[in-house]
Amino acid sequence: MRIGVLLGGCGLYDGSDIHEVVLVLQALEEAGEKPLLLAPDIPFERVVDHLSGDEVGAESRNVLRESARLARGAIRSLGSCRPQDLEALVIPGGYGPVVNFSTGFARIGQRRGIVPQVAEFIRHFLEAGKPLGLVGLGDVPVRTLLDQELEMTPPPPDARHLAIDRGRRIVHTPGFAAFTRLRDVRAGIEAMIEELLRLMEERSRAAGASDPAREAP
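Residue 203 in numbering that gives the first Met the number 0 sits at position 204 of the sequence shown, with consecutive numbering throughout.
Please keep in mind that the hints were generated in silico from the structure rather than gathered at the bench.
Glycine included, each C-beta is placed from N, C-alpha and C at the ideal position.
Check before you lean on any hint, since a few could be wrong.
Claimed, not checked - Across the chosen pairs, the derived CB separations fall in these ranges: (1) G207 <-> I163: 19 to 25 Å; (2) G166 <-> R81: 21 to 27 Å; (3) G78 <-> E193: 30 to 36 Å; (4) S51 <-> D164: 35 to 41 Å; (5) G207 <-> I17: 35 to 41 Å; (6) M0 <-> T152: 28 to 34 Å; (7) E201 <-> C80: 22 to 28 Å.
As the list claims (entries may be wrong) - Derived EDC-like pairs (lysine to aspartate or glutamate); straight-line CA-CA distance at most 20 Å: (8) K33 <-> E189; (9) K33 <-> E193; (10) K33 <-> E86; (11) K33 <-> E200; (12) K33 <-> D84; (13) K33 <-> D164.
All chains should be built: construct the whole structure from the sequences, respecting the hints.
Encoded structure:
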């Protein structure tokens with residue numbers, strides 16, 4: 000398991016988007032990868048009724064337990080996993096990664112930040128130059144850590160068009176933030192995973208070329 004998939008709950012409005020997660024896992028499986036599913040063991044920032052779209056203030060849920068629904072139980076808590084053991088990380092979208100991974104998000108008078116254990120985990124990939132694959136709103140925690148503006152961009156010209164930051168090895172597909180058809184979201188995620196694997200290979204070659212122990216005598 001060399002690729003982690005970071006989940007933020009289960010369900011579009013207060014967790015990870017189920018369709019985006021499934022399409023990510025399918026694309027990784029078809030590429031021959033067996034990802035490690037992860038989630039922080041923290042409470043939801045908010046719980047939403049997915050039928051009405053209203054926030055349910057009386058309920059409390061746990062991100063790890065709810066993410067286990069998507070993982071069919073095969074999931075590890077973020078605190079039990081060393082990011083050093085992974086070569087890349089994928090963050091599917093949905094409002095869970097936006098709200099549950101954040102502190103003060105969309106709260107008047109509160110400064111926006113990232114939950115410390117989530118921030119520390121993602122920061123490892125940024126600082127080590129390990130590839131990050133992002134879908135839809137899964138880019139918000141990363142943008143927050145990079146102190147970038149959170150702005151809506153127009154839909155790309157086609158579903159396989161990607162936003163790539165080669166310097167940081169970050170690749171993003173907009174998912175349902177731009178497309179409504181499942182086939183388009185799938186095409187974008189497949190393209191993102193293909194590029195993520197290329198970036199992993201690129202980093203591996205660069206590391207090998209700079210390792211004196213690999214030089215011929």
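Hints versus structure:
For the pair G207 and I163, the supplied restraint of 19 to 25 Å holds, since their beta-carbon distance comes to about 22 Å. At roughly 25 Å, the beta-carbon separation of G166 and R81 lies within the given 21 to 27 Å, and the hint holds. Taken as a hint, the range 30 to 36 Å holds for the pair G78 and E193, whose Cβ atoms sit roughly 31 Å apart. A C-beta distance of roughly 38 Å is found between S51 and D164, which places it inside the suggested range of 35 to 41 Å.
The hint said 35 to 41 Å for the Cβ distance between G207 and I17, and at roughly 38 Å that hint holds. The beta-carbon spacing between M0 and T152, approximately 32 Å, falls within the hinted interval of 28 to 34 Å. In this structure the hint that E201 and C80 lie 22 to 28 Å apart at CB holds, the actual value being about 24 Å. Between K33 and E189 the alpha-carbon distance is near 15 Å, which keeps this suggested pair within the 20 Å criterion.
Only pairs whose Cα atoms come within 20 Å are accepted, and K33 paired with E193 is accepted, the gap being roughly 15 Å. A threshold of 20 Å between alpha carbons decides the hint, and for K33 with E86 the separation of about 12 Å falls inside it, so the pair holds. Between K33 and E200 the CA atoms are separated by roughly 16 Å; this keeps the pair inside 20 Å, and the hint holds. For a cut-off of 20 Å, the pair hint linking K33 to D84 stands: about 14 Å separates their Cα positions.
Simply put, K33 and D164 have alpha-carbon atoms about 25 Å apart, too far for the 20 Å limit, and the pair is violated.
Of the numbered hints listed earlier, the single one contradicted by the structure is hint 13.
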